[in-house]
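Colleague: Quick note on my numbering: the sequence shown kicks off at 5 and runs consecutively.
Because the hints were derived from the structure by calculation, they are not lab data. In this text, a Cβ means the ideal position worked out from N, Cα and C, and glycines have one as well.
Across the chosen pairs, the derived CB separations fall in these ranges: (1) T67 <-> S23: 29 to 35 Å; (2) S23 <-> E77: 14 to 20 Å; (3) R74 <-> E47: 18 to 24 Å; (4) D64 <-> D21: 26 to 32 Å.
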Amino acid sequence: MTSSRPDYVDVVAVRDDRSAPAGETTVIRLLGLLPGHWPCLPEVRADRIRLRIALDATTDPLTVGSAVSRALEDSGLRGWSRHRE
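Given the sequences, and given the hints that come with them, work out the whole structure.
Modeller: So this is what it looks like as structure tokens:
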């Protein structure tokens, strides 16, 4: 029997406010607010960040999404929001 659980989860953030820092700066702060033990491959554009976060047996995809949403509430990330694909 094979598991239908994915190996990773993609979480996307978009810049809603043009006065907010661009993605290249924002991704550094965003990654700093997430658990350091999560393997992550960021894809960064000026107005969009996609984080591909690897899942292990103990990491729930919903937990990852919630953690990113909470991190985006940080005042330093004002002007950015999570995009639901």
